[in-house]
Amino acid sequence: MPHIFMKFYLILYFSIIISVGCSYSVGENSNNSTNECGNNICEQTEDATSCPVDCSSFCDWGCGDNGCERENYLEINKIGIGISHTITEGILSDSTEINGQLYRFYEVVKVYNGLTFIEGLKCWIPFDTNESYSQSEGSFVIGFYGNKLPTISDDLDELVWHGKGIIIPSEDKDESLLGIKLNEKSLIAIVTISDQNESFTTFNLIESVQGNFPDSFSTTWSHSVFPVNYPVPSSKEYIVTFEYLNDTEPYNGSVSDFRENNVENYNMVISSLNNPIVYWNTDEIASFSEYYKTGWSFNYAKYSYYTTVTGRADECCTGAGGTFISHSVDTFLNGSSNADKIVLGGHGYYGTESCSDQYIIASSSMGNSDQFEEFLCSNSPLVYDNNVEYPFSPENLTKIEDNIENRELVDIWINSEPPVLRLHSIEESINYANLPGNGIFSEAVSIAKAVNIASPSLFTVEDVITHKNPAWYEVTLSTTFSLYQFEHLKLHNIKIAFKCGDSRLLQKGKELVGFFVFDNPNLLNENIVDYSSGFIIPGAFLPNEEYIFNMISALPHKI
Numbered sequence: 129m130p131h132i133f134m135k136f137y138l139i140l141y142f143s144i145i146i147s148v149g150c151s152y153s154v155g156e157n158s159n160n161s162t163n164e165c166g167n168n169i170c171e172q173t174e175d176a177t178s179c180p181v182d183c184s185s186f187c188d189w190g191c192g193d194n195g196c197e198r199e200n201y202l203e204i205n206k207i208g209i210g211i212s213h214t215i216t217e218g219i220l221s222d223s224t225e226i227n228g229q230l231y232r233f234y235e236v237v238k239v240y241n242g243l244t245f246i247e248g249l250k251c252w253i254p255f256d257t258n259e260s261y262s263q264s265e266g267s268f269v270i271g272f273y274g275n276k277l278p279t280i281s282d283d284l285d286e287l288v289w290h291g292k293g294i295i296i297p298s299e300d301k302d303e304s305l306l307g308i309k310l311n312e313k314s315l316i317a318i319v320t321i322s323d324q325n326e327s328f329t330t331f332n333l334i335e336s337v338q339g340n341f342p343d344s345f346s347t348t349w350s351h352s353v354f355p356v357n358y359p360v361p362s363s364k365e366y367i368v369t370f371e372y373l374n375d376t377e378p379y380n381g382s383v384s385d386f387r388e389n390n391v392e393n394y395n396m397v398i399s400s401l402n403n404p405i406v407y408w409n410t411d412e413i414a415s416f417s418e419y420y421k422t423g424w425s426f427n428y429a430k431y432s433y434y435t436t437v438t439g440r441a442d443e444c445c446t447g448a449g450g451t452f453i454s455h456s457v458d459t460f461l462n463g464s465s466n467a468d469k470i471v472l473g474g475h476g477y478y479g480t481e482s483c484s485d486q487y488i489i490a491s492s493s494m495g496n497s498d499q500f501e502e503f504l505c506s507n508s509p510l511v512y513d514n515n516v517e518y519p520f521s522p523e524n525l526t527k528i529e530d531n532i533e534n535r536e537l538v539d540i541w542i543n544s545e546p547p548v549l550r551l552h553s554i555e556e557s558i559n560y561a562n563l564p565g566n567g568i569f570s571e572a573v574s575i576a577k578a579v580n581i582a583s584p585s586l587f588t589v590e591d592v593i594t595h596k597n598p599a600w601y602e603v604t605l606s607t608t609f610s611l612y613q614f615e616h617l618k619l620h621n622i623k624i625a626f627k628c629g630d631s632r633l634l635q636k637g638k639e640l641v642g643f644f645v646f647d648n649p650n651l652l653n654e655n656i657v658d659y660s661s662g663f664i665i666p667g668a669f670l671p672n673e674e675y676i677f678n679m680i681s682a683l684p685h686k687i
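Residue numbers (my numbering): 129 to 687.
Any given hint could turn out to be false.
[Claimed, not checked] Calculated lysine to aspartate or glutamate pairs in the EDC-like style (CA-CA distance at most 16 Å, straight line):
no., residue 1, residue 2
1, K638, E286
2, K430, E523
3, K301, E203
4, K250, D285
5, K250, E286
6, K313, D375
7, K238, E388
Calculated directly from the structure, the hints in this document are not laboratory data.
Please work from the sequences and hints to get the whole structure.
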């Protein structure tokens, strides 16, 4: 694990703020009253006197007055727009169903990013019958992934636009997110169309706005595959943006945005180039994710300890080589063991550790280093890999540099309460007194951050048990720890238990996409026994909708 330190997060988690002043949601069996939930009332009282007797009113923790569901919705819209290749706004009207597939009629009114010559185009869009907007009519912003243009459908024999992703009612659109997607890598030129056939459109360069262009270049616009009204060769000028352009002949590339060259559009392009739309802060998200995952490793680990590198030995003799690293175990911060050394590395490992380097390590075991003779940094023997029994290294190991900053972070991590949505086996008996309260892993996390921390998984709320005096909940979930529930995937029944939390988790039968964090993600490929090594990231839940699955599929591995 690389060295990490962020003063922002250090300060943030020294002063964890849970009391954000959210409002209770009214439960299904509520008396329609509301109650302030300023500082996790349910959590901090010894009895239920400060909460409704049945505690059916509920607090979405850390998410503001409207709860996490509204924040999730707004962020889903932002991420969906951010990864769409084409962003349009138009009118949904008629519907038809053919061979079990629902289609909605769509007229493109405006293209925010994409090929603007399709404004006015009419086509059909496939919908899942269970989607929230499958029966809705009116004005919507719709983002498309992959297909920048519609094709002719065999079923309808009319234009059908596949690849629908995000869909937002126009009254919910955020104008600041709608515009041309440009950055320092965008290739932008002012051109005329000089030639065109059934497959290619050729441009002549008038002026380069950004990037290097030859005098003539082309794009693949297939009239047979995408039969729309393309602009034809003329002296008319256009502003064209390429995702890429071959740097050798034939100079062909993919157009991401195309619009007429006029004062308004030119100024829009220059403005978008100088002030690109920011859909998420990649650096901040990456830093937070590293902090969060490393923190959980230390929080959950059976052992955490300081070490010093005392020796290096080369692996022999398998061709690839490698390096064994010997550490002395200096001080245990958490847990205890008779082990006074550990050995890391081995076959295929080429670490840069040097003697006297110091680390802070978290692990679920201390490994088995008894088979290794003592080796130092000078005159170290070769280690014959075929004589080494695996595993010799501690399991589920996390290693960071030992310095003042990381010592402070580790102190926060190992002393934080366990996650509020920690997983339990279905057979486990849960005691109210042991339920966690406020801690690093009990705060709501944004969808963009959750995507980088863990893989999304679909789960169903199977059962909800409400305890009274004091009030708390046991909730049974089922999941395959994936987005799908195929027959060949094991269906896990697990429990979570909490005092105050997210009201969506109290709705029996509710299907949600959540983000499950495990100390050892490899367990997801096995028959998980120790569910307690995992938890659900609070606050980050997505509805079970087709467009959500399309969005997740279109997301980069990390954003």
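Hints, one by one, checked against the model:
no.: 1; hint: K638 - E286; result: violated, 37 Å
no.: 2; hint: K430 - E523; result: holds, 10 Å
no.: 3; hint: K301 - E203; result: holds, 12 Å
no.: 4; hint: K250 - D285; result: holds, 13 Å
no.: 5; hint: K250 - E286; result: holds, 10 Å
no.: 6; hint: K313 - D375; result: holds, 14 Å
no.: 7; hint: K238 - E388; result: holds, 14 Å
Of the numbered hints given earlier, the model fails hint 1 alone.
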